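These are the residues of each chain, in order.
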Amino acid sequence: MSSPAIEFEGVCKRYLIRHQKARYLKDRLTNAIRRTNPFGPRQANDTVEDFWALKDVSYRIQPGESVGIIGPNGSGKSTTLKILAGVTKQTSGRVAVNGKLGALIEVGAGFHPELSGRENVFLNGSILGMKKADIAKKFDSIVAFAEVEQFIDTPVKHYSSGMYVRLGFAIAVHNDPEILLIDEVLAVGDLSFQRKCFDKMKELKSSGRTIVLISHSMGQIESLCERAIMLRRGQLIADGRPREVAQKYVELADGRSELSEHGGADSGISITAVRLLDEAGNQTTRAELGKPLTFDIEFDARRPVSDVLFGFHLDRGQVRVYDSDTRSLGMNLGTLTGRGILRCEIPNLSLMPNSYGVQVVIYSADERPLSHAKYPHMFSIFAPRDLRRLGCGLDDEPVRGFVFGHANWRKLVAPSSKPEFTREIN
Amino acid sequence: MQAGLLTELSKLPEYRELIVNFTLREIKAKYKQAFLGVTWALIQPLVLMGMLTVVFSYFAKVPSDGVPYPLFLFAALLPWQYFASALNRATGSLVNQAALITKIYFPRESLVLASLVAALVDFAIIGIVYVALLVYYQFAPTLTWLWVIPIFLIQTVFTLGLMLYLAPLNAMYRDVGQAIPLAIQVWMYATPIMYPASLVPAAIRPFYFLNPMAVIIESYRSAMLRNETPNLAFLAGAAALALLALFSGYHVFKRLETRIADVA
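Chains as they are written, first to last, in numbering that gives the first Met the number 0: chain D, 0 to 425; chain U, 0 to 263.
Keep in mind the hints are simulated off the structure, nothing from the lab. Be a bit skeptical, because a hint or two may be false.
[Said to hold, decoys possible] Think about it this way: if two alpha-carbon atoms lie no more than 30 Å apart in a straight line, the pair counts; the simulated DSS-like pairs of lysine-lysine are: (1) U/K10 / D/K131; (2) D/K99 / D/K130; (3) U/K10 / D/K136; (4) U/K27 / U/K10.
For clarity, every value in this text was computed on a predicted model and none was experimentally measured.
Only chain U is shown next, with the shape it has when bound in the complex:
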């Protein structure tokens, strides 16, 4: 089965157009009849950022690693939203296409991959705002920023692994679709996004960093805000978990795939 993933990955270019078309459909259909169109992809995170800045920085005076709070928040909120939106999209990806899935065969993973790409597109759009923030605060990138690339890859592998679990499981048990938004919210508070990881009591910190998203988010902050090399032991652990999630998720997806049409 594990070898299956590699052969599937090598077939990816064949599905490329299908994935692109599914992605375009998701993006176009989402904004088509909205007056503000794609601007909504900016409005939502901006409002969230403004709100969180007021509450956590102005009211609660949460420390922010010595950088302006919006910058501190966005370095974590942006990748988190990519993660959350990918999981949310994946959960519905197969169920929302039941009409198609029960009628015609096409590689099912293309729907999950299209969810990932659609989440990436939203991520790229809001990334422009982050660049604007950096310019506004005159925050110059350093060499440690290069760490962002491997961190981002680890995050994407981990996300895709979870997506491969969620899409078919939700097709079989709709409870998944109910539980996911709640789980994502709980998970968000268990991850250093609105507050710095330094606020977490030392006693529970080893457990706290069992959460791969906590490691990933904290690594982004080390690399981008503190100009430090991330904790490589933690990052290696997160990478191992991400690969485990991807391989096992793919295995589960392939096993459930043929049953989806019978239950969806």
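Isolated chain D (complex conformation):
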């Protein structure tokens, strides 16, 4: 493969941001006075600032690669997508895209709500550059793939969001793209459709197509891509195998959390920090598969609060993989006052290697949320070297499933003439 499918060379993108400060009456008056001075500055409230969405980003993607581009909000992912799709141009640097591009754009961006599914297939197809005859030929296959046969003559405004995405995805993959751009839409849609999309992408990949998935969910990228590129504040900071990049992502995301208060100041209690601890009791972002997990939840009760309960979840992407709370364990926390720490130890949770998020919620006795802390990427689980021998797949295969458990398989002789599939699980 001599010429890469996608090439970014020193790509920069600058946006001009116009700040318009809130105009209060006071500002208006001072401005009015300033304006009477012909030499005074004009429009003193408006400032223009440069914002570099991409700063000197270079990489090459070879035909047939499946690459995930990851980064937190504002890292330059969407700008990358726009440049690749040809929607906007880089400010400097060189971008080369070799091959027919198919973009799976935001949920139904090309759909007109008043038109039927059928009309939208033709409209969207032609926006993607397909010929009418070509769309007509693939129409049945598109509709079958999207599983919307019954609703194909219904205006799409009556579609569920899942149906929207399915139809959008079906059209995009039927355009026979050489390079498929996907913008984290797979989070929508049910699991069986995600499975179908995954299989379709594998099929495209094995026939030599290039796939670029843009996402802020490491889980999605790990399950679909063999390579991940991580952006942060417009710069490329990691490029490699998804698991290695995931580790880096978690390290950088550490300490970045979304803390939100419910019920305002009168809630009385708030979560100030949540930490994962290693065996020595120091904060960490990594844990070995199968080892106990210990979390410290720091809270601050500004006034004494009684009978609250703490809920604790682990998430991977959008999916909750573990849930625990103090009440269902029959634990009474009594009255909490001032600053304190609640420790949560989980001795035997075998999560698959991946990155995980943590959420902690404090509820009042009547289950009103009082404080909520969300760490979208708090830690990652890594596997010991000999995991392969435990039957957990090869290193370069995306991790599937959420929990690790070890299975013994044996072939048995059927005991009677009635065929029966027998299995034994440890």
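Fit chain U to the supplied structure of chain D, relying on the hints for placement.
Quick look at chain U alone, frame taken from chain D:
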């Protein structure tokens, strides 16, 4: 850049299906949930015609070049509505599709061309009413009617030129969208539609005909109602302006095109 327009025009057949689909979307979506459907394309101009006939012919006794006022009015109002509706549609064509434009690349001019085609479809529908009027008044076409073809082409070129300016400019400055309906109204009064051009004082007539739409509308009336050859000097001037508008409009459109996604 000017050569660019010609190469783009030669690529037009490639976008044909996209333009057709955008047009269909605009037309279908507009009338889909309306009980009267496409009939609305007839109702609006008919009501306007009735109203203007009552006010200008019955109340104000405006002269109408010796033909029945509805016929006189429609010969001008019809092409004017085509012009006005094309400009209005073009102004919103890119802005209303911001969701699409910021996500995916397709030839942007297809949205502007689809606005033009949608305006043409409305024009064709109401054209049927004009034919009915001609039959009703037993008004037979003559050879001078052939002038309608070049006049119509000049008008379309001029309209498209302005559309190419308005669509991206409105994406950058929404003031355009506010100003256009007002400007179209002012322009309508500066064009001989409800009154004959002969009412314009001779002293200001040279300035009056600097307005290419005044030339175009008056030419339609000469050809269709008075069986005269239009004023060819004026018409040539309008044609030159129309070409200038198209080339410069295309130039502006291409220059602003890549910035639209960043500001829309």
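Here's how the hints hold up against the structure:
1. Of the supplied pair hints, the one linking U/K10 and D/K131 holds, its CA atoms being roughly 17 Å apart against a limit of 30 Å.
2. The hinted pair formed by D/K99 and D/K130 meets the criterion: a straight-line CA distance of about 14 Å does not exceed 30 Å.
3. For the hint pairing U/K10 with D/K136, the CA-to-CA distance comes to about 24 Å; that is within 30 Å, so the pair holds.
4. Restraint check for U/K27 and U/K10: the C-alpha separation of about 26 Å stays at or below 30 Å, so the hint holds.
The structure meets every hint from the earlier list without exception.
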